[in-house]
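Protein chains in written order, with this note's numbering: chain A, 912 to 1371; chain B, 6 to 307.
It is possible that part of the hints are untrue.
[To be verified] In silico EDC-like links for lysine to aspartate or glutamate, alpha-carbon gap of 16 Å or less:
no., chain 1, residue 1, chain 2, residue 2
1, A, K1029, A, E1050
2, A, K1053, A, E1063
3, B, K38, A, D1264
4, B, K38, A, E1089
5, A, K1053, A, D1085
6, A, K1044, A, E1151
7, A, K1142, A, D1187
8, A, K1172, A, E1151
9, A, K1029, A, D1130
10, B, K38, A, E1015
11, A, K1053, A, E1089
12, B, K38, A, D953
[As the list claims (entries may be wrong)] If the Cβ cut is set under 8 Å, some of the chain B residues that face chain A in the computed set are:
no., residue
13, Q17
14, A52
15, V76
16, C77
17, I80
18, L83
I should point out that these hints are in silico values taken from the structure, not numbers from a laboratory.
Just so you know, these numbers come straight off a predicted model, no measurement behind them.
Built from N, CA and C at the ideal position, the CB exists for glycine as well.
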Amino acid sequence: MWSSCWTYSLNLSSVPGDGDSQSRWCLSQVKGAVDDDVAEADIISAVEFNHSGELLATGDRGGRIVIFQQEQESKNLPQCHAEYNVYSTFQSHEPEFDYLKSLEIEEKINKIRWLPQKNAAHFLLSTNDKTIKLWKISERDKRPEGYNLKEEDGRYRHPSSLTTLRVPVFQPMDLMVEASPRRVYANAHTYHINSISVNSDNETYLSADDLRINLWHLDFTDRSFNIVDIKPANMEELTEVITASEFHPLQCNTFVYGSSKGSVRLCDMRASALCDQHSKLFEEPEDPSTRSFFSEIISSISDVKFSHSGRYMMTRDYLTLKIWDLHMESRPVEIYQVHGYLRSKLCSLYENDCIFDKFECCWRGDDSEVMTGSYNNFFRMFDRDAQRDATLEATWENGSPGCPLKTWRVSAGSRRKRNEIGVDCLDFSRKILYTSWHPQDNIVALATVNNLYIFQEKLN
Amino acid sequence: MINTMECAVDAQSLISISLRKIHNSRTQRGGIKLHKNLLVSYVLRNARQVYMNEKYAEIYRMQQYEEVMTVCNEIQELNPLDLMEDCEEQTGDCCGSANESASLCGALLPVSHQAPSVQHIQPSSACSVPLALQNEEVCKAPDPSFYRSCCAEAYPVSNCDFSPVNNMHCNKTTVLDLDTHVVTTVENGYLHQDCCASLQQCCQGAQSPAKKRKLDFGYYVSEIEEVPDFTPCKRAKFEDSSYVSTEHLDTSNISNLISIFGSGFTGLVSRQADLEQALNGQFCSKQALASLGAWTRAIVAF
């Protein structure tokens, strides 16, 4: 899958362009096959930088994880520090069958979360619908040689043929990256897992499904504590489900979960063992003038992310990005329209199921910008400080690599100007659901259906 | 690329699309997605509410028409000449503007002719559906209209109560614009508060004819006011018959779904139960609730 990689050499010469429509971002790399036929298994379903930004993990529907590593040499050159190459590939989850319910459990990777690095090895959590696994990714560049009872090719020597003894020694070898499953956290979720989040205490993590959130200790796989349970006594009374959940980046007792009704609840684990009673409820009253058949669907939260500072929280629903101040529950402090022009197309989007797409969002390292994906392989950047936004396209076709991306505009009509496209011409099969921002540098990784795009900010 | 011209904007299509989605989700890999099906059930509920409101509005007007015609016929015996002229005038006016969606005729066709069509309400031909009891100038609501295409704009506010049964001060005359699906209600000359935030202007325009109407047929109005007492039985009957006979409802699918899924999100029902009773008056009997449950049933497979 990753054998055919496209890597562009960076063009550092300045390119003249329209002042307003030229963004700071340029394409660095595209990973993945370039055929039009996309195998279901190759569709990317998770993208995540680790805490240093040196590693970038992707998960796909086939249950595989591919980890890319930043090139060491390029890391030190600010102009071309966004070169990532394959570091490790392994099969994380396999399809399973639940015999009791006669249900197949998809191997699709729903989320990847890195643990902060403690030693030479890297650890990440990956989850499918039912099972979470802790993977250790470690390097091996030495191997023992000089065994007495074993030949170099592995054949055993007969003890009677030994005349001398020697001590095996480590010899250098080609670098090998190994991924091994260290823990498997299974059988704790009846419904489909949608989120995992590592606590700032580096010992526990939470996993959330549609109706419950469980707290785990990383070391123990045979027990988890249920901390939120919104399952009604009678399933017929179900009105909302949990859609996303995350621990606060600094306070180990605080976490939030978003619901299908568009509300976010903040819970404090010190308050009680079972956090069904929220400490804060972040909800914006619905505007009755925009009510439609699909109001409930488009208000469903698809992602919730704390800012790095821990002061703010961002939620993504189908049409908007909202930034909330944790101190104010009544309404968000900022609302960004991602693709408001889709409001009149909701019916068609319902028919073709696009309205159920769950878009992720992410913060820049210093929280000054946020980003999320859209359709037609567009992604949206919102500069909170300058109150500016940009629509950029993830494509390797137009423009030369390394030159700044041109911004796009979506117009109501179908008349096409340069870098303008009509709503009716958007390709809804090309969508960017998964995005991740490098924790320190201005490098973003995002997934189109089966390709991974890496963009970096042009400096100067 | 989405073909936006083919969007299904009416409630019935949405209902069938939603049911199909729920049905298909049974065979999707990975098991039934609770979140997605919950959202689909919301669309189903919303579409059903709109559908039911439209149907109810029609049925109620049929009801009122029948009552009026009964009285009309009785009076005809007393004063045949006077009232014949009036009726014919209205018929003429009505049918003259039959093609205009605003004034929907058929209101004054003989009762016997109307009776069968009452049983099978087909929302197709403007003429055959008695929706305007009075030959008033129905205000065509400008945008934003009350019932809109599902995609974008205002959706009938769910707490709008235009039940003539529950709320005596509510509408006495309701007109459905079949083209724009605008429902305007004139209640003693005033549009109902909840319904007409954007229709204030219309309201004023409709005021005088309705008042005039009231003067001319004072006793009709009083008869109409007594209609609520008669409604329960009749409405239940209409509800059933219209339900069963409408082609768009795929009853076999529904019964399959019911048997497959068993329980569903009738919490949606209970939350809306009060609302729906308000909307449909005695309409919302156990029968209606049961059928409502059928509509909003989704998957519980756990």
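Looking at the structure, which of the earlier hints fail to hold?
When the structure is compared with the hints, numbers 4, 6, 12, 13, 15, 16, 17 and 18 turn out to be violated.
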